[in-house]
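Peer 1: So you can see what is in the structure, the chains are spelled out below.
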Amino acid sequence: MSVNSNALERRLKKRASLTDTNLLLIITIIVFIVMYLCAVVFLKKGFTKPQMFFNILNENASLLVLSCGMTLVMITGGIDISVGQVTCLVCMACAVHLQKVNDGVINGSVFTSLLIAIAIGLAFGIVQGFLVAYMEFQPFIVTLAGLFFAKGMTTIVCSDRVPVTYEPFVKLARTEVTIPFLGSVNKKGIYIPAYVEIGVIVAIVVVILLFCLLKWTKLGRNFYAVGGNNQSANMLGINVKLTKFLAHVLCGLCAGIGGYLFFLHACSGSPLHAQGAEMNAIASSIIGGTLLSGGVGNIVGTLFGVLSLSTIKNIVTSLGLEDAWWTNITVGVMLCIFLLVQSVILARKNKNKK
Amino acid sequence: MTSNVPTFKPRLTGKEVAEKIFRNQLFFPIAALFLLVIFNLITDPGFFKVTLEPNSAGNLVLSGNLITMIDYASELVILAIGMTLVTSASGGQDISVGATIAIAGSTVLRIVKTQSPNISNGKFAGMIIASFLLCVLVSALFGAFNGALVAFFKIQPMVATLILFTAGRSIAAWINNNDNISINDKRFSYFGNFIPGIAVPTPVFITILCLIVIAIVLKVTNLRLYSQAVGINASSSRLNGINPKMIKLLTFVILGVCVAVCGFIKVSRTSSITYSVIANNIEMDAILAVALGGNNLGGGKFNLTSSVIGAYVIQFLTTTLYKFKEIDSSSISAYKAAVVILLIIISSPFVRKFFEDRKNRREAAKAEALAGKESA
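Protein chains in written order, with the working numbering: chain A, 1 to 354; chain B, 1001 to 1376.
Looking at chain B on its own, in the form it has when it is part of the complex:
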């Protein structure tokens, strides 16, 4: 994820530097973020004010639009990591993540609800770890199911995950017999809100942890190279000694683990679960984050940083739209669609090619005119 900005090459002219920045994959998501920031600053200068205020539990916590945005983007960012890998290796997207989040959350609550709220801290920690591990296992298994359909049966990822998309929320309801569970233990909500004494919301720390883990994995292992190779050409990567099926399966399992983390945060936020509503439409947001990051949705090369920034842009957009009082919360998606279409059109390879062609033509015309002058 090195930046391509060539500050150390003094020979480049300003125009060339601008072009290099423009060509960089990170440019568009960052530009979109920048535009949103400016827009918000103009409409409301106090938009980014961060204050230290006591919350309902009496703890001093950071509050403000910026904190809310970063806090609520956590799930999307974690999902975007897994979704980028899946997109890269299989050339398709997983549309079942929302439903699998419901399953993961339901699994966690199934374990936690059996405990009385008065158990000691040590026992509580043990139970949380057990429930987390189980939920990771369950969603990794569902990820493996999707992955097996994609890798071994060669079904398109979108169609293969359509199965869980249809059935997932029902399975989640089935795990808990469709009960409305709410956990009274305050300690359980620490993971989705604030730990007493710490002013930053916990999901932010979890996100940072996930980002560090994936950065280390990509640095130490060949996962990045292999998944890109499989995504670009599966049969030639097989000839080069990579097992494309296992790589595809692996990316889906990694996405499953990401989903488990998201599910855990989601249920911890509210200490309860509504099977049909939890993480509704998050799969769309996650895919948009990947697309907005400039990654090719047809597989191949990927840039995780720009996906992550894309996820923040999406969440920023949602937060910005929510700020307008006259916009009904349910009609927000229409405005979001308009903005997203615009962003995708701008960042699409087609438009870039169009501008490049125009530039080339202009340069050619210039050269021709120059040649004409010289001959004259």
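Looking at chain A on its own, in the form it has when it is part of the complex:
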């Protein structure tokens, strides 16, 4: 009898560990792989070339960094909806700065523009983090005001599109890092190696750093503890306010870096840049298995979330559904499905606990 119950217990335990966050991550990865394979098999158009995959990375390097920052904040149970407009502000500020450098009005270099980007991101992170963590305002409202503020500041800096012609920057932006052993042969029979932009490498470094931070450092584990249960984290001696503050600061930093990557890719500043990027970042995090209630999430999941989101956009456009609305509707439907799966899994998890 006791053996039987032990076996049952073990089986239940096994199931519980599977229905945990790992399952959400596995689902995301499987969905991405299946989607990409289907695209390769049925669509063919370009999807068979490795460059297609790297183009997805090239286009979404900034979104990847933004989503990672968002994941950090969401793990602590907050949200930051200002990242998209901060990206836009960073692009504009850097573009105006580099143009002035180009015209010889002020001294500066590519490095100073990077500093500006990081400073803007950090400033937003620190102010919002302070208001959220120490003043105990709702993160949504605080970052909403941050969104408004960044949006307005962008047009105050400059209300037109500013293309960048500063030579060293353009050179940096055009730098292509070729991937060894991967490439395709074009119609003329010339071998073209696959390449990624500098931004992708930065984004991947950020992903690895944040993954290590969440997995193996004290601060990273504190994020989970605070998001999982505020009060018990407090009782364990974790400085909840500081942890929340740091999460927002890191998210701001990510917004600064992500903004600079967007700038590298776009090579211009415009008030219309990165429209809706915050919602894409939130959607990617959710698809990657981060729960908005906090305490659950994974950077690897976010990586696959970004990839899934951008792959489905590419698939929709290459299906010939050129009209812009189809992309949004498919993203909406996909988000809906993932949310439902999450909710069902959580409900089952709670039942198992009982």
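Heads up, a few of these hints could be off.
Restricting the straight-line Cα-Cα distance to at most 35 Å, the calculated cross-link-like pairs of lysine-lysine (DSBU-like) are [claimed, not checked]:
(1) 188/A with 313/A
(2) 1154/B with 313/A
(3) 241/A with 1353/B
(4) 1113/B with 1154/B
(5) 1123/B with 1186/B
(6) 1301/B with 241/A
(7) 1353/B with 1366/B
(8) 1301/B with 351/A
(9) 1219/B with 241/A
(10) 49/A with 241/A
(11) 215/A with 1020/B
(12) 1366/B with 1020/B
(13) 1366/B with 241/A
(14) 1245/B with 351/A
(15) 188/A with 171/A
(16) 313/A with 49/A
(17) 1359/B with 241/A
(18) 1049/B with 1154/B
(19) 1373/B with 218/A
(20) 100/A with 1123/B
(21) 218/A with 100/A
(22) 1020/B with 1219/B
Sample of chain B residues with no beta-carbon within 12 Å of chain A, all distances over it, derived [unchecked claim]:
(23) 1040
(24) 1045
(25) 1047
(26) 1099
(27) 1118
(28) 1137
(29) 1164
(30) 1202
(31) 1211
(32) 1243
(33) 1336
I should point out that these hints are in silico values taken from the structure, not numbers from a laboratory. Note that the coordinates shown come from a computational prediction; the quantities given were computed from them, not determined experimentally. Yeah, the Cβ is synthetic: ideal placement off N, Cα and C, and Gly gets one too.
With chain A held as given, fit chain B onto it using these hints.
Peer 2: Just chain B now, with coordinates in the frame of chain A:
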């Protein structure tokens, strides 16, 4: 919505009366409104001048900043009603209202565009009623979709409505095949502008009607009590015989109806629709109206009057900012953000608690000093 000002209790000292007024939820939105009024009067004494002038159609209508403000606040006020209920019951906000307004407006235009502009008044009225009912139905359905995700699947409201936020405007474009529709029938624009012979803009009447309806609903039914109970503690209200899921769903459906009214006014204002621009950022304004009204965004108790006043404050702020010629219309949001942050900081429970603590400490110190004196 009774006022807590105790004018009938003569025993209270002036200080206590001031404190009671200060504690009242209505105090902050009204104070903010008052500040804006004073600011405008100082910078421009003629700001509130209301004149009776013929408009472009040749009707005598009221015009002036005040009328513009009240007119354009209509959508926000109607939305704030629904948003307050949703906030109260589900402890979250609906961020898809702007997109759903686009859907509702698109639905109305889909029906109205099929009619020639020369039909008789009776037929026209029938068509308007039909299109309005259909648009109410459609947005109530979308509201129910959001509500079902929140109530039955226990997804956070902000995330659940993120779906429609992403897809809504695209669905609106899809309803009309992304056509640029403009309605030539003048009668259609009556609902968003002026009815000939009446000097007050029609949206004001629609707003008043909505406010009366919601006041009656709250008076007659238990909606207020139930939604507050669900918002404060869903499981204990379930034990008390309330169905929290149905209440949450119901509040989202009510918000859907509010959205339909807004969508109708919005498309009637311009007799056309731009899918990506219509009601842009209105969800942010609506949420801010609720927050500015001093309602807890985490659910529970709510005060509809202060939300409505909050909505007027937001619109007043926008109108005031637009008045400054040197402020670019697109950079207005930066100033708005600064003001809003300031207002929220002032009205936040944290700051209130801080001042109360300081006051208590001072009183304690005073009492201690007094006791020290007595013992000496």
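Peer 1: Determine for every hint whether it applies to the structure shown.
Peer 2: Evaluated hints:
Distance restraint check for residue 188/A and residue 313/A: the Cα-Cα separation of roughly 29 Å lies within the 35 Å cut-off, and the hinted pair is therefore satisfied. Our distance criterion of 35 Å between C-alpha atoms is met by residue 1154/B and residue 313/A, whose separation comes to about 28 Å. At most 35 Å may separate the alpha-carbon atoms for a hinted pair to count; residue 241/A and residue 1353/B meet this at roughly 18 Å. At roughly 40 Å between alpha-carbon atoms, residue 1113/B and residue 1154/B are farther apart than 35 Å, so this suggested pair is violated.
Between the alpha carbons of residue 1123/B and residue 1186/B the distance comes to roughly 15 Å, so the proposed pair stays at or under 35 Å and holds. Between the alpha carbons of residue 1301/B and residue 241/A the distance comes to roughly 27 Å, so the proposed pair stays at or under 35 Å and holds. Taking the CA atoms of residue 1353/B and residue 1366/B, the gap is about 20 Å. The hint holds against a cut of 35 Å. Taken as a hint, the residue 1301/B and residue 351/A pair is honoured in the structure, with Cα atoms around 31 Å apart against an allowance of 35 Å.
For the proposed pair residue 1219/B and residue 241/A, the alpha carbon gap of about 42 Å is over 35 Å, so the pair is violated. Using a Cα cut-off of 35 Å, the hinted pair residue 49/A and residue 241/A is violated, with the two alpha carbons roughly 48 Å apart. Taking the CA atoms of residue 215/A and residue 1020/B, the gap is near 51 Å; set against the 35 Å cutoff, the hint is violated. Annotation: proposed proximity of residue 1366/B to residue 1020/B holds, straight-line Cα distance about 22 Å (limit 35 Å).
A hinted pair counts as satisfied when its Cα atoms are at most 35 Å apart, and residue 1366/B with residue 241/A qualifies at roughly 33 Å. This hinted pair checks out: residue 1245/B and residue 351/A have alpha carbons roughly 19 Å apart, not beyond 35 Å. Distance check on the hinted pair: residue 188/A and residue 171/A sit about 28 Å apart at the alpha-carbon level, within 35 Å; holds. The straight-line distance between the Cα atoms of residue 313/A and residue 49/A is roughly 17 Å, inside the 35 Å bound, and the hint therefore holds.
Pair hint residue 1359/B plus residue 241/A holds up; C-alpha atoms about 25 Å apart against a cutoff of 35 Å. Distance hint between residue 1049/B and residue 1154/B is unfulfilled; the C-alpha atoms sit about 51 Å from each other, more than 35 Å. Restraint check: the Cα-Cα separation between residue 1373/B and residue 218/A comes to about 53 Å, which exceeds 35 Å; the hinted pair is violated. Between residue 100/A and residue 1123/B, the direct Cα distance comes to roughly 63 Å. Violation of the 35 Å bound is thereby established for this hinted pair.
At most 35 Å may separate the alpha-carbon atoms for a hinted pair to count; residue 218/A and residue 100/A exceed this at roughly 43 Å. With a C-alpha separation of about 25 Å, the suggested pairing of residue 1020/B with residue 1219/B holds against the 35 Å cut-off. Every Cβ of chain A is farther than 12 Å from the Cβ of residue 1040/B; the closest lies at roughly 21 Å, confirming the non-interface assignment. Every CB of chain A is more than 12 Å from the CB of residue 1045/B (nearest about 28 Å), matching its label as outside the interface.
At the 12 Å boundary, the C-beta of residue 1047/B stays outside the reach of chain A, the nearest C-beta of that chain being 23 Å off. With 12 Å as the threshold on Cβ separation, the claim that residue 1099/B sits away from chain A is violated: the shortest Cβ distance comes to roughly 10 Å. Once the 12 Å rule is applied to beta carbons, residue 1118/B is consistent with being away from chain A; the minimum gap is 33 Å. Its beta-carbon lying about 21 Å from the closest one in chain A, residue 1137/B satisfies the requirement of being farther than 12 Å from that chain.
The Cβ of residue 1164/B does not lie farther than 12 Å from every Cβ of chain A; its closest approach is about 7 Å, which violates its non-interface assignment. Annotated as non-interface, residue 1202/B keeps its C-beta farther than 12 Å from every C-beta of chain A; the closest such distance is 30 Å. Every C-beta of chain A lies more than 12 Å from that of residue 1211/B, the closest at about 25 Å, which supports listing it as non-interface. Taking the minimum C-beta to C-beta distance to chain A, about 18 Å, the non-interface status of residue 1243/B holds against the 12 Å cut.
Interface exclusion of residue 1336/B from chain A breaks down, the closest Cβ pair being 6 Å apart, not more than 12 Å.
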